[in-house]
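Enquirer: As a plain string of letters, each chain reads:
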Amino acid sequence: MTAAQKVIFPSASEPLIEITREGPLFIMTMVDNENRFTTEMCKAICDSLDHIQETVDKEELTEAAVVTRGQDKFYSNGLHMEKALVVPGFTEDIFMPMLNKILLFGIPTIACINGHAFAGGCLMAMAHDYRVMRSDRGFMCMNEIDLPAPLPAGMSALLRYKMHPHVYRSVVLEARRFSGKDALVNNLVDAVAEGVEGTFEQAKQVALKIAPKAKSGSIYGLIKEEMFPEISTRLLANASKL
Amino acid sequence: MSPSANAKYFPSDSEKLLSITRDGPVFILTMLDGENRFTKEFCAAICSAFDYVAHTVETESLTEAALVSIGQSEKFYSNGLHMEKALGVPGFSQTVFMPMLHKILTFTIPTIACVNGHAFAGGMLMAMAHDYRVMRSDRGFMCMNEIDLPAPLPAGMSALLRYKLPHHIYRSVVLEAKRYPAKEALAGHIVDAIPDKEGIKPAFELAMAIAKKVAPKSKAGSIITAIKDDMYPEPSSFLLAGMPKL
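Protein sequences, first through last, are from chains B and Z.
Take the first sequence: its position 225, counted from the start at 1, is 225 in UniProt numbering, and no numbers get skipped.
Take the second sequence: its position 213, counted from the start at 1, is 213 in UniProt numbering, and no numbers get skipped.
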């Protein structure tokens, strides 16, 4: 894969994720408008991560990081209404295992929150090691309590272990909307910048700074396993055994 | 803050340990028993009152509801477990007090504790079990003084604090028996808001304002208990660990 080449999942005729490279960075762009989670989108994300890990291993990279992003108005607006929310077993068998894969990924992960990150989209961002968010547009929000819908234990744990308790309480019980500035003050995100391009540049800066940690190889993922055991067990708790 | 003529008393009209009154969507639970120390009767009255509120929300099909708790006296929200009638009673924590905390922790509508005075030990735990806390700005401390008594801090109680507080605050609350006046409680995220003015009335009004703001969330109904159970899994299971299995 040269810098100019893209790797597309699931296929060039049905692009959901496009992977490009910039130096040590793997840029994973979700190109499906609201980037709502379906079986296909979740598989594309997992396949993309597998591809990136294989590339890192094969090329024996000592510096590497993944930056995920959406386009324009949306990072991701959450689970797809018809194709996911109402599909029995989707959350346990497909969505939560995908979150776990991001959570424990073997090289640093940075979410470039270019726009709205609602519900499942917010969870995907929180599963990353770092978050950079656009300051001038877009919200992070967990709106389950307003639907109303339950918040499965694994998803609740993912938020709980990554947020201050009083912020977590407001995120879940108020469905509070966090602008980039609110998210920064409350440590939901690590940095903010103006505009889609500005946010992407800032995300790449954060990624370049942490990329050398990939030198730790498989230890990076093992360290994360020991950081998040309570999240991980719950995310995988009810997945059907294949 | 004396209850109005429409107050419902618990456990009964002839033994008024606490009252429930209503103001719009808000149910106000006023503890009337001086230091409001926890005994078997007082805990039972609190549980009955919470059950009554939940039942009323259901039968009236309320889409907006919240509960504000407050002590009646100038000096005390609650001073904790009663010396003779609780602290000395084997099994009291496991079978009476902690299940009561669990009920508050996972309650089906938003809960706001108006800390009108001292909240020591069990009193602080009761306040922490609520979703939100408002404290009067001029008087009273929140404190967990078990380490000074000394007395153990059972797993469920410790977990309740641990899951709601920043870690360095939890450490100081439990290991130092540190006394937190309002401003420090606010800075430490032990409480969510304190009024600018002194006295109980501004604190109560602030609690009511928060209650009215979050009351619409109760529309989610019984899902709220499931959401809170999953927010606080270890406190939830540890608080009930001492209950006999059915």
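Take the hints with a grain of salt, since some may be wrong.
As the list claims (entries may be wrong) - Result set (DSS-like, lysine-lysine): computed pairs, CA atoms no more than 27 Å apart in a straight line:
hint	chain 1	residue 1	chain 2	residue 2
1	Z	Lys16	B	Lys181
2	Z	Lys183	Z	Lys219
3	Z	Lys85	B	Lys181
Stated by the list, open to error - Calculated from the model, a selection of chain Z residues having no Cβ within reach of chain B, i.e. all distances over 12 Å:
hint	residue
4	Lys40
5	Tyr52
6	Tyr132
7	His189
8	Pro216
9	Pro233
What the hints contain is simulated information worked out from the structure, not anything from laboratory work.
Where a beta carbon is used, it is the ideal one built from N, C-alpha and C, also for glycine.
Enquirer: Evaluate each hint against the coordinates.
Expert: Against the structure, the hints come out as follows:
At most 27 Å may separate the alpha-carbon atoms for a hinted pair to count; Z:Lys16 and B:Lys181 exceed this at roughly 49 Å. Of the supplied pair hints, the one linking Z:Lys183 and Z:Lys219 is violated, its CA atoms being roughly 33 Å apart against a limit of 27 Å. Of the pairs offered as hints, the one joining Z:Lys85 and B:Lys181 is violated, with about 51 Å between alpha carbons and a cut-off of 27 Å exceeded. The Cβ of Z:Lys40 sits about 31 Å from the closest Cβ of chain B, beyond the 12 Å cut-off, so the non-interface label holds.
For Z:Tyr52, the condition that its CB be more than 12 Å from all CB atoms of chain B holds, with the nearest at approximately 23 Å. A Cβ of chain B approaches the Cβ of Z:Tyr132 within 12 Å, the least distance being about 8 Å, so the stated non-interface status is violated. A Cβ of chain B approaches the Cβ of Z:His189 within 12 Å, the least distance being about 5 Å, so the stated non-interface status is violated. For Z:Pro216, the condition that its CB be more than 12 Å from all CB atoms of chain B is violated, with the nearest at approximately 9 Å.
At roughly 7 Å, the least C-beta separation between Z:Pro233 and chain B is not larger than 12 Å, which violates its mark as non-interface.
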